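Undergrad: Work out the full structure, taking the sequences as your base and the hints as a guide.
2 protein chains.
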Amino acid sequence: MKIGELSKTSGCSVQTIRYYEREGLLSDPERSEGNFRLYSDKSLKELEFVKHCRSLDIPLNDIKRLIELKNKPEESCSSVNKLIKQQLDLVNKRMKELKALKNELQQMASTCNSDNTIGACGIIKSLDS
Amino acid sequence: MKIGELSKTSGCSVQTIRYYEREGLLSDPERSEGNFRLYSDKSLKELEFVKHCRSLDIPLNDIKRLIELKNKPEESCSSVNKLIKQQLDLVNKRMKELKALKNELQQMASTCNSDNTIGACGIIKSLDS
DNA sequence: CTTGACTCTATAGTTACTATAGATTTTATA
DNA sequence: TATAAAATCTATAGTAACTATAGAGTCAAG
Ligand SMILES: [Zn+2]
Ligand SMILES: [Zn+2]
Ligand SMILES: [Zn+2]
Ligand SMILES: [Zn+2]
Chain A
1302 MKIGELSKTS
1312 GCSVQTIRYY
1322 EREGLLSDPE
1332 RSEGNFRLYS
1342 DKSLKELEFV
1352 KHCRSLDIPL
1362 NDIKRLIELK
1372 NKPEESCSSV
1382 NKLIKQQLDL
1392 VNKRMKELKA
1402 LKNELQQMAS
1412 TCNSDNTIGA
1422 CGIIKSLDS
Chain B
1302 MKIGELSKTS
1312 GCSVQTIRYY
1322 EREGLLSDPE
1332 RSEGNFRLYS
1342 DKSLKELEFV
1352 KHCRSLDIPL
1362 NDIKRLIELK
1372 NKPEESCSSV
1382 NKLIKQQLDL
1392 VNKRMKELKA
1402 LKNELQQMAS
1412 TCNSDNTIGA
1422 CGIIKSLDS
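For the protein sequence lines, the chains are A and B, in the order given. Count along the first sequence starting at 1, add 1301, and that's the number in our numbering. Count along the second sequence starting at 1, add 1301, and that's the number in our numbering.
Hints listed in this document are in silico derivations from the structure and should not be mistaken for laboratory results. Here the structure is a predicted model, which is why all the values come from computation and not from measurement. Keep in mind that a hint or two might mislead.
Intra- or inter-copy, both count: the list cannot distinguish identical chains.
Lysine-lysine pairs mimicking DSS-like chemistry, simulated, CA-CA at most 25 Å apart [to be verified]:
hint, residue 1, residue 2
1, LYS1426, LYS1343
2, LYS1352, LYS1394
3, LYS1386, LYS1365
4, LYS1365, LYS1403
TA: And the structure:
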């Protein structure tokens, strides 16, 4: 299949597919006589692996490492474990941050009933302190 | 005070201060004879307003709008309200996403005890499906 | 044989910074 | 006072993960 079809099947934009290829996350596809990229089902699986990782917010560099590891089935998977745990730590950290943000935003929102003037707005007052 | 002192007092890096100025979030400071930026306490307050907004993850463009609004104390604050509520929605949305990520990452992590080979690693298997 | 859809590469834009390079100014030391 | 070190200046490039062009080439249908 050509890139447009892979794009539709995968739900990944054409530019993103080409971008992933440039970044070395997808193996270089065959080319047609007219230089069009030609993909197989294997290509689709590669792309879906990347998408799955991205859906977990794993950075492209780490995905690259995961792909390399995937190709060495005999090695220990401890680095895979470590990577996922780091990602989990990061997610937990960000969740904590967001909770704090949420609290402050909610409290701020509650200080204003929206029919004030800006001079009397509790939100602006909070932000100013 | 010069930019270095403002940087220390505010906890904002020198480059970031200059960047905020370029982006129109801080008013242009006075200049010394030798063209060094000279700041007042008012400048510090401006910068702290920006920092407070940034700590709530409000994008620079929205902060710019908030500053403009702040300078029109007689107008209605409904747009301020709207902006904060949008930010709150965004935070809530992101929190939901992160919860889902966390769940999947945790489940994945639980499928591997870290002393597998990659070929037998539950994490890689999950990512592959 | 031309139109339109698709694809190609290369390049620039996005966000909020951070990090240089190379020049100039100021401050501290000898 | 001479000089060295620290601070500042502008301009430019890099970061992450895309997205969006521009301009040219390819391919299928009418
Ligand atoms: Zn999944
Ligand atoms: Zn208000
Ligand atoms: Zn606050
Ligand atoms: Zn494992």
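Undergrad: Name the hints, by number, that the structure is in violation of.
TA: Violated hints: none; all satisfied.
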